[in-house]
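Residue numbers (our numbering), protein chains in the order written: chain W, 2 to 242; chain D, 88 to 366; chain G, 848 to 1127.
By construction, these hints were calculated from the structure, which means they are not laboratory data. Every residue gets a Cβ at the ideal spot worked out from N, C-alpha and C, and that includes glycine. Be aware that a few hints might be false.
What the hints assert, rightly or not - Which stretches of chain W does chain G cover? Using the computed rule of at least three CB atoms under 8 Å from a CB of chain G, they are:
id, stretch
1, 100-109
2, 218-228
Stated by the list, open to error - The calculated lysine-lysine pairs, modelled on DSS-like cross-linking and capped at a C-alpha distance of 27 Å, are:
id, chain 1, residue 1, chain 2, residue 2
3, W, K211, W, K222
4, D, K107, W, K191
5, D, K212, W, K187
6, D, K212, G, K1082
7, D, K238, G, K1030
8, G, K906, G, K917
9, G, K1030, G, K917
10, G, K906, G, K1029
11, G, K972, D, K155
12, G, K972, G, K949
13, W, K121, D, K191
14, G, K872, G, K1082
15, W, K172, D, K191
16, W, K233, G, K1082
17, G, K1030, D, K242
18, G, K917, W, K172
19, W, K191, G, K1122
20, W, K187, D, K191
21, G, K1110, D, K161
22, G, K872, W, K233
23, W, K211, D, K111
24, D, K348, D, K258
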Amino acid sequence: MKKILLSALLLGFIYSPVNADTVRMGTEGAYPPYNFINDNGEIDGFERDLGDELCDRAGLDCEWVQNDWDSIIPNLVSGNYDTIIAGMSITDERDEVIDFTQDYLPPDPSAYITTGDGNKAAYIGVVAAQTSTIQASHVAESGAILVEFATPDETISALRNGEVEAVMADKAFLAPIVAESNGDFKFIGKDVFIGGGVGMGIRESDSDLKDTFNAAIDSMKEDGSLNDLIKKWFGEDASIY
Amino acid sequence: MICENTIQLYSLRSIGIGEKLLPKSDITLCDQFVLIGSGIIWNIYFCIIALSLGFIFAISTAIIRNNKYPFVSKAVEIYVFVFRGSPLFIQFFCAYELFVLLPKMGIDINLIFTTVTFQTSWLTKAWLGAVIILFLNTTAYSSEIFYGALKSIPKQDIDAANAFGLSNLRKYRKIIVPTMLRNSWASYTNEAIFLFHATTLVFFSSFPAWRQSGDALYYASYFADKTFNPFIPYPIIAAYFISITLLIILIFQIINVYFNKHLPRERKSSIRFLSNYIR
Amino acid sequence: MFEFCSDPSILSTFDWFSCYLTNGKHIQFYKSFGLIILLLVLTAPLALMLGLAAAVAIKSNFFLLRLISKTYANIVRGIPDIIFFLFIPITIDQLIEFTRHKIKCPEIIDSVWQGNDFIVCSAAKLPLSSSPQWIHDMYGFSLAILSFTIVYGAFAANTFHGAMNSVPRSQIDTGKAFGMNKKQIYFSIIFPQMWRYALPGLSNLWMLLIKSTPLLFLLGIQDIVFWARELGGSKTSIFQYPHPDWRVWYFLSLLVFYLLLTKISEIALNRVSKKFYLPI
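Okay, chain W solo, but in the shape it has when bound (with noise of 0.2 Å):
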């Protein structure tokens, strides 16, 4: 019985039904309104919106996975997806170990806030960012103290506890955390522009993957689809193509 059991999981493994047009996505899931996890468990967001979009328009067949920040590029070159959509800036740095495809959203400002009651110049102090993104990079070259977390979650609440004195991340996943704090964070400081808009990563040796994917977002450009969903995601105010 247990023989038999075990033969049929690994026949399983290996004689799996083949469908050569499944993409698999890799998102994060915890950078709202990028990606996220919706009270129902599924994966939401601009990025699913767009990435169901642009696989229609490709032809494929997607499927999405989600994956904590920290090994998500270790995890696209080992191959457990196809891509990464995650909210993920392009740099130089991570252009040496991954490909990525054009930008579908232009820079976004990262910004500072801190508590409501907070030293305005608290962004040369004591600043939290989450590991590995450009924010914590820029934190850490500007002199200020860097205090790096895992989730973007958890930025915030050390800002709120006292921990840190400011926060860095983009703009658009501190707004609406603002907005809704009455008074309990604001903005300090200037917007810095860092990095070349959000691309999506694409392992190096993909190059016709990346091709496809270039090809739909070019498309999705000029019938103004692209900026239509980035004001609904984002406000009417967000920059545009």
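We have chain W already, so just place chains D and G on it with the hints.
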């Protein structure tokens, strides 16, 4: 000397002294050895503080648990159950989330020559918050070990002590505690090793790494992610841990010899060279 | 789940909570408790078997086998188990895919490590990229079970080795006097009597196993720690059920779960010990 430049830049990086930015590209073997080695400082710090404080409190709680008032011994039993029955990893998460919710306060502690303001935000830092949890955890485990040994002290020893008219303090100091420690030393060595290994979990739970200063495993996984090659950093950290574990076993073995000094030992036979042929 | 849950913003507190605690995300959270139980149920027998095999190997006559099994049994005493859990899944994954690559695509002579990428031909990937998500999840989970089995098998090997040595020598001598060969001695004399001595060590091992299950989180599996962190984080109104930072409550519930599991195991193992210590 090999790796001299790297040692200058990174050997104390985990406590914040040295090069500010971690190596991002062209990571050499030197970088990995030195940075992971510097991370071991945190593991040793956690181990020493938690173990030493835990040892003292474990003896006290084992003795307290042995008393006749059910209220007190039950309270200790519940504490030991909670900390032995749940995973350390979850304890770290719970503690951090609890500390993070504390309102921002400073409590002034008046040491005689100066006043130190204890900030509640210190509790969310690894050097204090994680140490508190490790200390509570190891106290619970060690207390259980010592309590078992305490219960198994032969009654005649205690009766003899009472017959001699030893005061309570002398009885504990000279008879009970040494016997208790000697009987439980093997299990306690095991517990010390487990504690040392468990210190690697700190920076993988919610406790953040300030200025990218973490423990050995934090740096090992940093390198594994940056170089996409786990076959170098993990064996390096394994080698560091094996050597320090052997050191801990050696230290505890020496203390064990000290505990057993009063017991008859096997006499080492002296070497007699060619005794049959030399007259 | 209930009909009145369609617009949570107008609900009273009790209704809001009954809708909140039964939404899709929470159902996934509750299912992940089953993952923990599944891990325990699958790992324990596998680890015992591996440990038994290693313990027998430690007593073998071949030097190499003895050396390998002794190293295996002692290596977990020197290295934290979390390092194994981070290292083994990647290694086994790459090993399997490399072997399949060599078998299925012999014509490709490029090295599998091209720069940073570990490239194998697409027919050699395990699981195949076209497989449905549940196969990927199951594969990841099996790698986790394998890592746990390897680590706890080593602990079990130590326990069994100690237990086998505790079987009174006279029993084995009697067996030899009767002319039994090694296999007969093992199966008729050592194994039946060894369990009595192994039981305290094995119950300790079961407790250790329970307490290391949260490390599944570090293997990238959506287990209870992942969902507790995800559900507890403060949520803005982009979600249907916004709430402040409730992580402490979620983690306390995990703590209570583990305390219950430990208590039940303790009671069950005590019963088993009592049975064993009846006069033989």
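Broken hints, by number: 1, 2, 7, 11, 17, 18 and 19
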